[in-house]
Amino acid sequence: MLVKDVMKGPVLTVGPDVTLEEAYGLLLARGIRHLPVVAEGRLVGIVTDRDIRLATSHLNPKGPCPGCTQVGEVMTREVVTAHPLDPVEEAAFVMRHRKIGCLPVLEDGEIVGIVTGIDLLDALLRLTGVTEPSGRLEVRLPDRVGELARLTGFLAGRGVNIHSLLSYPEEGEYVRAVARVNTLETHLLAQGLREAGFEVLWPPKKPW
Amino acid sequence: MVIYRDEYRLYNFGPGHPFTPARLEMLTSLLQALGVWREPLAPPEASREEVLSVHSERLVRRVEAASCGEGVPDLEHYGLGTGDTPVFPGMDRAARVLVGGTLEGARRILVGERRVLQLGGGLHHAQYDRASGFCVYNDLSVAIRHLVRAGLRVAYLDIDVHHGDGVQWIHYEEKEVLTLSLHESGRYLFPGTGHVHEIGRGAGLGRKLNLPLEPFTEDGSYLEVFEALLPWALGAFRPDVLVVQAGADAHFLDPLADLLLTTRAYERLFRLILEYAEAYAGGRVLFTLGGGYSLDATVRVWTLLYHVFHGLPLPERLPEAWLRLWEARLGKPLTPTLHDPEGAYPEIPRKPEIEGRNRLTLRRLTELAEPYLLH
Ligand SMILES: [Zn+2]
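Protein chains in written order, with our numbering: chain U, 197 to 404; chain S, 53 to 427.
Please note: incorrect hints may appear among the correct ones.
Unchecked claim - From the structure, some residues in chain U lie toward chain S, with a derived Cβ separation under 7 angstroms: (1) Ser-330; (2) Val-356; (3) Ile-358; (4) Thr-379; (5) His-383; (6) Trp-404.
Unchecked claim - Below, computed lysine-lysine pairings styled on BS3-like, alpha-carbon distance capped at 27 angstroms: (7) Lys-403(S) - Lys-402(U); (8) Lys-258(U) - Lys-295(U); (9) Lys-402(U) - Lys-258(U); (10) Lys-295(U) - Lys-200(U); (11) Lys-402(U) - Lys-384(S); (12) Lys-227(S) - Lys-401(U); (13) Lys-401(U) - Lys-384(S).
To be verified - Chain S residues, not near chain U, derived (Cβ > 12 angstroms throughout): (14) Val-54; (15) Asp-58; (16) Tyr-224; (17) Tyr-240; (18) Phe-361; (19) Leu-366.
For the record, the hints were derived by calculation from the structure and aren't laboratory data.
Idealized CB from N, CA, C, for every residue including glycine.
Input sequences plus hints: build the corresponding full structure.
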């Protein structure tokens, strides 16, 4: 999944000479939180609802003057951006480590979209496959060649379609695999998997 | 009034499939052995047009083609030909026979019958455009639509252990249909939906209610939230009729799911549903069957339903001859009493936590839906 698959566009932008009052009005009217700032066709900064509220707070010694302060004075310069072909996990990584809420998406210097934390949550939902009628299977696998193939091969052999499969490393040389599978019979699958030597964490084995 | 015909057993995905017609054969033979079987009303099968009142033409066309053995390349896209819902010869008609039974129940309600028990159907996973989870056509929605078109307000109650997703989505934007589903949380279990946040859309907003329960929920906690939710929701909605999907797969013996109801909870549930129908729906109630994959438990649960429905005294032991016959056929012992024995499963260490979480879920649901449901 790439940034272009989850980003939103076209993007609402403002010039640096727009007042904070006007910018805040736009954010409210559109129900958004981030405004990229563009001058002469080039991205020069970004301003968020939080930036505006901080700048115009009574607690701020320089504020408030929403009608006379310009966006250019309070915006963040040197904006971190993404490319449409970046993988979503890279966008998530950058946003998490820089502690920022969005990335304007640039292609050949031109702003073509924006990706926010919400878009990444949508991506996560799609990755987990929860939108298809399915049951959940959770298996702990040794972290070595062929284990995932053994699992998916088993499911294929039972005629079970896998809507989604997430796997992530665990402590102690293990990989946790979480699958959404198109069947009501996850218990039967779990039983079969256990008999085939898999460690199934969900669904649990009933003691009766 | 009871609705049933032997052709219900044509709905058969083949040997080894959990949704087996043996359930109906066992149930009707037990009722006969107990001497309580009264000749049921045999319904006509539903027509193609009746099925089309809730399903897409392109789904129906595919079911028809698959039924007579024609190869359909995009069958899986329509939820058919999968491990859960394989195709079989005559599938279209077999499904229409079940739909016909539930629809006949709706018709009987419209001409003045108050209580109807349809000994079949309950195919709550079938969606507008897709078969799903053992369900080809949605008999419940066909009946509900028939009732709504006749001007009735319908409350649909689903106690199957799986979320009643098909019925919910088909009526998701309808003001005249309240859906209530109590099920094991979709976090783990098929179909994965039925979250408290799914409360309807447009005119249907606040009229689709879901109570997802923790795995290993037991009788006490289930009944506690049920008795809090139902009078509240039905009192606010004031339906003309209750349509009930009485799946038996929330029983602790069920091999597909993880709720731990005993037959005692089921007996209480059935009595409460009849009480609520009297108090909030003019006494009108249409029951269907549904899921239930432990033959032992499912047949006893539905036998209970049949007795409570008719106000009959409950037998204690099941007839010896019947037990011997079916134990031989299934090759395993059966519970010899109608109710489960006491202490049939070990104590659940997480019990207080489970009860707490179910209470919290109920509170979230009522807080979410209250502003919409009550006006
Ligand atoms: Zn079920």
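Problem set entry | Verdict on Asp-58(S) as a residue remote from chain U, using beta-carbon distances over 12 angstroms | Holds, since 26 angstroms exceeds 12 angstroms.
For this session: Test the statement that Phe-361(S) is away from the interface with chain U: the closest C-beta pair must be farther apart than 12 angstroms.
Result: 27 angstroms, holds
Exercise. Given the hinted pair Lys-403(S) and Lys-402(U), is their alpha-carbon gap at most 27 angstroms?
Worked result: 15 angstroms, holds
Exercise. Is it correct that the beta-carbon of Val-54(S) has no partner in chain U closer than or equal to 12 angstroms?
Worked result: 28 angstroms, holds
Problem set entry | Given as non-interface: Tyr-240(S), partner chain U, CB spacing beyond 12 angstroms | 5 angstroms, violated
Exercise. Given Val-356(U) as an interface hint, is the shortest Cβ-Cβ distance to chain S below 7 angstroms?
Worked result: Since the shortest Cβ distance to chain S is 6 angstroms, the answer is holds.
For this session: Classify the label on Leu-366(S) as holds or violated, using whether its beta-carbon is more than 12 angstroms from each beta-carbon of chain U.
Result: 24 angstroms, holds
Exercise. Given the hinted pair Lys-402(U) and Lys-384(S), is their alpha-carbon gap at most 27 angstroms?
Worked result: Roughly 19 angstroms separates the two Cα atoms, so the pair holds.
Exercise. Holds or violated: Lys-401(U) with Lys-384(S), Cα cutoff 27 angstroms?
Worked result: 21 angstroms, holds
Exercise. Given the proposed pairing of Lys-402(U) with Lys-258(U), does the C-alpha separation stay at or below 27 angstroms?
Worked result: 66 angstroms, violated
Problem set entry | Residue hint Trp-404(U), partner chain S, criterion CB-CB below 7 angstroms | At about 5 angstroms, which falls below the 7 angstroms cut-off, the nearest Cβ of chain S leaves the hint on Trp-404(U) intact, so it holds.
For this session: Could you check if Ile-358(U) really has its C-beta closer than 7 angstroms to a C-beta on chain S?
Result: Nearest chain S Cβ about 12 angstroms off; hint violated.
In the structure shown, a violation is registered for the earlier hints numbered 3, 9, 12, 17, in ascending order.
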